[in-house]
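Peer 1: As a plain string of letters, each chain reads:
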Amino acid sequence: MAGPQQDAAFVQFERVQKSYDGETLVVKDLNLAIGKGEFLTMLGPSGSGKTTCLMMLAGFETATHGEIRLAGRPINQVPPHKRDIGMVFQNYALFPHMTVGENLAFPLEVRGIGRSEREAKITRALDMVQMGAFASRRPAQLSGGQQQRIALARALVFDPALVLMDEPLGALDKQLREHMQFEIKHLHDNLGITVVYVTHDQGEALTMSDRVAVFNDGRIQQLAPPDELYERPANSFVAGFIGENNRLRGTVEDIGPDRALVRLASGELIEATPVNVTRKGQATLVSIRPERVEFKPDLMPTGAHTLEAEVLEFIYMGDIFRTRLRVTGQDDFVIKSRNAQGQRRLEPGEKIRIGWAPQDARALDPA
Amino acid sequence: MADTTLTRTGVLSTADGRPLKSALARAQSRAKWRAFLLVAPLLLFVLVTFVAPIGQMLFRSVHHDGFSRNMPHLSAWFAANPRGTEPGEAAFAALADDLKAARQNRTAGEIGTRINYDLSGTRSLFTATARSADKLAPPYREALLAENRQWGDPRLWEAMRGASGALTPNFYLSALDLQRSPDGGIERAPPENRVYLMLFERTFLLSGIIMVMTLVLGYPVAHLLAVLPLRTSNLLMILVLLPFWTSLLVRTTSWIVLLQSQGVVNNVLVASGVLTEETRLQMIYNQAGTIIAMTHILLPFMILPLYSVMRPIPPSYVRAARSLGASSWCAFRRIYFPQTIPGIAAGALLVFILAVGYYITPALVGGASGQLISNLIAFHMSKSNWSLAAAIAAILLAAVLVLYWLYDRLIGIDNMKLG
Ligand SMILES: Nc1ncnc2c1ncn2[C@@H]1O[C@H](COP(=O)(O)OP(=O)(O)OP(=O)(O)O)[C@@H](O)[C@H]1O
Ligand SMILES: [Mg+2]
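Protein chains in written order, with our numbering: chain A, 70 to 436; chain B, 294 to 712.
These are computed hints drawn from the structure, not numbers from a lab. Worth double-checking, as some hints may not be accurate.
To give an idea of the interface, some chain B residues facing chain A are shown, with a C-beta separation under 7 Å as derived from the structure [stated by the list, open to error]:
{"no.": "1", "residue": "Leu568"}
{"no.": "2", "residue": "Thr569"}
{"no.": "3", "residue": "Arg612"}
{"no.": "4", "residue": "Cys623"}
{"no.": "5", "residue": "Pro631"}
No residue lacks a Cβ here, since even glycine has one placed at the ideal position from N, Cα and C.
Chain A with its partners taken away, still in its complex shape (with noise of 0.2 Å):
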């Protein structure tokens, strides 16, 4: 996906490097195309420098070093009020001496737009969010949801080709920022907009994004669409950081191009896909999804290697089992299964056998 948008990229970092203080990168070598219409989300943990590349993409921070580029024109040196770029805060920024309508009004006068065309614009942001009864508010007398909106209308009612958008969620309850997430991403499809959003939600990632951009020490660590990134991690790094899974390690016994032998710590063989181990011997850290473990033996996958396991803990979820197992000396193995009709209800104590499909356990890097 990135190879063709090289050179079509609408938003493009190339060998960006930023410091603070002179001594340590924040974001180290950050190379990233983003191409036109498209929904790209930065996560990653706190302080990986997600904040700060969205700082220089909007003209808040200079990089250091790189340069970065709009529409195939360099931006380093225009100021923000010329990048025509908009911009939602986590903390909204509404500006609190103006009514919703004077907020919305502001980006439009400063570009000298005419009262009637002003107002046009104005009515047809707040009908995109479904405030159009509250343009005489002040902020104060909004909620936070309703903030929001606000502030999504005013980034996006002088029609700027890419809004930034940093952790916009951050501070709305689950069920909110759940209708809102939907509500983002339908205005992003209606509105063919650029977005760059970021998060450390990583749920949040997954469901809005045309690709996500795992950040972690000042690097991408993947960029890759959001099914991708959950089933074929490329490091353990993002296996470990999105969503849940188990690891075992191990030490290469043979490798194939699509093939790996792992011979793990307690002595057992289990087949894996290598990811980013290449030669015989080398220290690995094989990755498998909760949900792709099996323990059914007619259901077990043909060719299966499987592993003996202890129940050590059930845990009813509702929708889902959640089962803890000892496997190879290791009490944190988990699996998951789903609450479906007739499904088992593993008992602590028992002796099970677990297995799964060489292709969903990937041998990654130690690390």
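On the provided structure of chain A, position chain B with the ligands as indicated by the hints.
Peer 2: Using the frame of chain A, we list chain B with the ligands on its own:
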């Protein structure tokens, strides 16, 4: 609503049938009493040290019985005869009686002082005539006129009529450069006696200038304090507050050291060739001195309210404005500045009111042209002319209250943020 019921009359009542309102009032009254007891000492203190002296001051500004108490006969004659009555023998007889009594009681000075307030140069008339009052014999009119022709002056009789009651508005007239005309009307004081209005004007003008100066100097400092990391800004804040911890007198005298014509500033300017010996600047003992020193002294009162308003303004507002297309000046003018108005208003009001009543600094560095109205109040107090001092102070108080009211109308007192 579980424990309350709506009775037929529509009054909410508690479960045991008492009206909800009175139940609530009873429940809260204990707490209210306790709260009142906690603030009672302060209330008493304010009453004793603030309300009482101000009441006393207002009373003194309209009350002076130095004449009426010691001249009972003449005061009675004034009470019996309306304004416009030509003072005849009866009046002069009453005057002579009172003067004789004054000689015995040694109150002639007190009487003369009172009349002297309204008509200058008359104190000696009373003391001199009283000294020889024993020799006065009927007909008193001729006798007194022979003693001093001034006893026939209609202005004097108007002044004595004015002083024949203990209550008088005359001190307010004086404080406003007005006086009584011989026919009892009100006229402007002769030009050489007019000082108060000019001083009021100057006080308000200089206070305004000082207010603007503190704002212009303090705004950027407060902004800097508000955006710097807390540790650095705390250090700078100490520098801002440093003047508070130094004696006012020391601060003012250091300005003298700096600004006088042989002072540090002039010496540096002369040494660097900007000025010659002849063109040394006169920066002290005039209005410039008052403005410079008072701006410095009042600066913290501007910076603190500004800072307290600016600190909580998140930088994301200005960033949002910039991302929406505003230049940095536009973002300041339309987004940042309006949010600091409560601080500006508070600081400006505080500095202005403090400046209007300032005394020590203008007294020390103001020279003749830098004196403010409070210096004149102090002057009259030192001369024991309490009533006039009180009248000027009351006018000052009224002016400040008017300003406060105007401020409330224009900006709204609840918009003010002091810290
Ligand atoms: N203005 C600044 N001055 C100095 N260091 C900063 C500044 N802003 C951020 N940093 C540092 O840069 C690193 C990255 O910060 P950044 O805000 O980009 O993280 P983030 O990924 O957005 O984290 P979060 O999820 O907590 O918002 C952090 O270590 C932070 O301490
Ligand atoms: Mg951040």
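Peer 1: Decide, hint by hint, whether the structure agrees.
Peer 2: Quick rundown of the hints versus the structure:
| no. | hint | verdict |
| --- | --- | --- |
| 1 | Leu568 | 43 Å, violated |
| 2 | Thr569 | 48 Å, violated |
| 3 | Arg612 | 6 Å, holds |
| 4 | Cys623 | 6 Å, holds |
| 5 | Pro631 | 5 Å, holds |
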